[in-house]
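Chains as they are written, first to last, in my numbering: chain D, 1 to 322; chain Z, 1 to 257.
For the record, the hints were derived by calculation from the structure and aren't laboratory data.
Each hint should be verified, as a subset may be incorrect.
Lysine-lysine pairs mimicking DSSO-like chemistry, simulated, CA-CA at most 27 Å apart [claimed, not checked]:
#, chain 1, residue 1, chain 2, residue 2
1, Z, Lys16, D, Lys43
2, Z, Lys200, D, Lys279
3, D, Lys43, Z, Lys218
4, Z, Lys200, D, Lys257
5, Z, Lys16, D, Lys257
6, Z, Lys218, Z, Lys16
7, Z, Lys148, D, Lys279
8, Z, Lys200, Z, Lys218
9, D, Lys279, D, Lys257
10, Z, Lys160, D, Lys43
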Amino acid sequence: MTLVLVEHEAGSPTDTSLQALTLARGVADEEGEELVAVAIGDKGDGLADAVGEFGADVLYHVTHDELDAYAPAAWAASLAGVADERDPAAVVAPGTDRGQETLAHVAARRDLPLAANCTAVEAGDAYEVTRERWGGSLIEHARLSGDTKLLTAAPHSVAADPAADAGDPAVEPFEPTLDDADLRVRLVEREEADVEGIPLGQARVVVGGGRGVGGPEDYDTLEELADLLGGAVGASRAAVNEGWRPHDDQIGLTGTKITPDIYIACGISGAVQHMVGCKGSDTILAINTDSEAAIIQKCDYAVVGDLHEVLPALNEAIRAEQ
Amino acid sequence: MDVLACIKRVPETGAKITLTDDQQAIDTTNLGFTMSPHEECAIEEAVQLAEDGDGTATVLTLGPDEAAEQLRTGIAMNADEAVLLETDGAEWSPIPTAAEIADAVRDAEEDGAFDLLLFGNESADMANHQVGVRVANDLDRPCITGIKDLTAEDGRVVAKREVAGGAEVYELDTPAVCTVKEGLNEPRYPSMRSRMQARKQSVDRRSPGRDPSGGLEKVRLEAPEEDEGAAEILGEGADPATIDAVIDLLRDDVGVL
């Protein structure tokens, strides 16, 4: 069987968890074995229908008095505890901060190898995995061994795809054995950001500016476009390094990864490290003076022109339209 | 506070990554080397914590002889000591890498423990997301990953992880382990003078003895397929036809207008 960690927000599975379930279902189907979902904490039992739709046969609902707040080592102890009970061939988690962290702890505890950010898996004695390196700008084909195969699913690389036959998973309550060390690190508080407008990672429209914007004051027209479309402004690493925008605005490998309906990239050359951060966009529109720029090769639509001329005209036209 | 920052030498890639003919590595013939942006922040944080709290900052890496260059960048950024776990240049898997680092930490701690070990959240090149966590487990220390804000207090650190719409706050008793992300701080740019001085600093070299493979064996690398040239050019400049085409796209195809 294949075990999958499913993250949820008050009983609703995250997109990246459904992607992980889809990847894991492929492995379970190939092995002709069960797909078992594991949800931790309050309302986790409410996930049965949702994970059933993605092919889960069983849902383990992990509860413990000390598990109301996220604790990385305690999550690892929980997942390892279910694994001890079911002896799975593989354990899969979404390649999110929590998923990577939890599985890394499981790997360390059991001294097992772990393949992070997998996009495809072929089961066997050893698993043939395809995984992302350099934030997805390089693909590695690798062989993963270990008595239990541990892997995380690269976020937004495998589409979440419901199973042909939806299951009706039984819910198995599970109470892990936790020791003090498992609870040394836990979430103590959540701070709300005092950002105005929509966070970059959640915006449906993102207007990004790079070195081509030319200076901090020139972001005004980008801000205006974002406001008109109810979106957020982002920046390339080059613009952040120039000090034109704060690091929180950075889109890319070491910044925010965005997933908007449309990303409007203005004066951005399109370095691989930047494209990694915006590949989750449904549509990319580039505005760039250089028709040979890398981003023109990688976007869906392009306007070859100076953003300082195109954006004011576009903002004007949108206002007329509205 | 005594802090150890663990870093990794990686090629400085540009807009396109070229592979060697055997698809085993990036062709670095025309490339310089650097460290991951996460790790520059790890060094900066180590140096700041050492400066604030009358302690020391040490940089450590596992890599080839040439990785001394990245350690010296750390020294130029005002770190005090440098440790090189010198390899023959082969790619090391996370399991033996973490075990060698844990051994090196134990040896270095004969005169007292590091209060904090810092790692990048993931290496820029292999991105295995696990060495810091493995070292923490090996040394039985509390650990949190993906940190973008760090404050040291008496006997503990407060670490924040960015999440959608805010931040999560974690508290760790020291000695502890944190893996950090770019944005944690603004790494200083070392002056030419400090770079020159860093060249004279000795690097403590050790020879790791483990087998570099660790259950995750690379078969080959590949550049991902790109649908190059698929972009539809809507027009040039700010002429009305171009702007109309953009409006149509936003209204009809994307539906955000």
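Quiz item: Given the hint that Lys218/Z pairs with Lys16/Z, does the C-alpha gap stay at or below 27 Å?
Solution: 21 Å, holds
Exercise. Quickly compare the C-alpha distance for Lys148/Z and Lys279/D to 27 Å and report which way the hint goes.
Key: It holds: about 23 Å lies between the C-alpha atoms, which stays within 27 Å.
Self-check item: Given pair status - Lys218/Z, Lys200/Z, alpha carbons within 27 Å
Solution: 37 Å, violated
Quiz item: Straight-line Cα separation of Lys43/D and Lys218/Z no greater than 27 Å?
Solution: 40 Å, violated
Quiz item: Quick one, are Lys160/Z and Lys43/D close enough, alpha carbons at most 27 Å?
Solution: Measuring from Cα to Cα gives roughly 26 Å; hence the hint holds.
Quiz item: Has the given pair, Lys200/Z with Lys279/D, been kept, meaning a C-alpha gap of at most 27 Å?
Solution: 44 Å, violated
Quiz item: Does the structure keep Lys200/Z and Lys257/D at a Cα separation of 27 Å or less?
Solution: 41 Å, violated
Quiz item: Does the structure keep Lys279/D and Lys257/D at a Cα separation of 27 Å or less?
Solution: Holds, because 8 Å separates the two Cα atoms, which is no more than 27 Å.
Exercise. Assess, step by step, whether the Cα of Lys16/Z is no farther than 27 Å from the Cα of Lys257/D, and give holds or violated.
Key: Since the Cα atoms of Lys16/Z and Lys257/D sit roughly 20 Å apart, the hinted pair holds (cutoff 27 Å).
Quiz item: Does the alpha-carbon distance linking Lys16/Z and Lys43/D stay inside the 27 Å limit?
Solution: Not satisfied, since the Cα-Cα distance of roughly 45 Å exceeds 27 Å.
Of the numbered hints given earlier, the model fails hints 1, 2, 3, 4, 8; all others are met.
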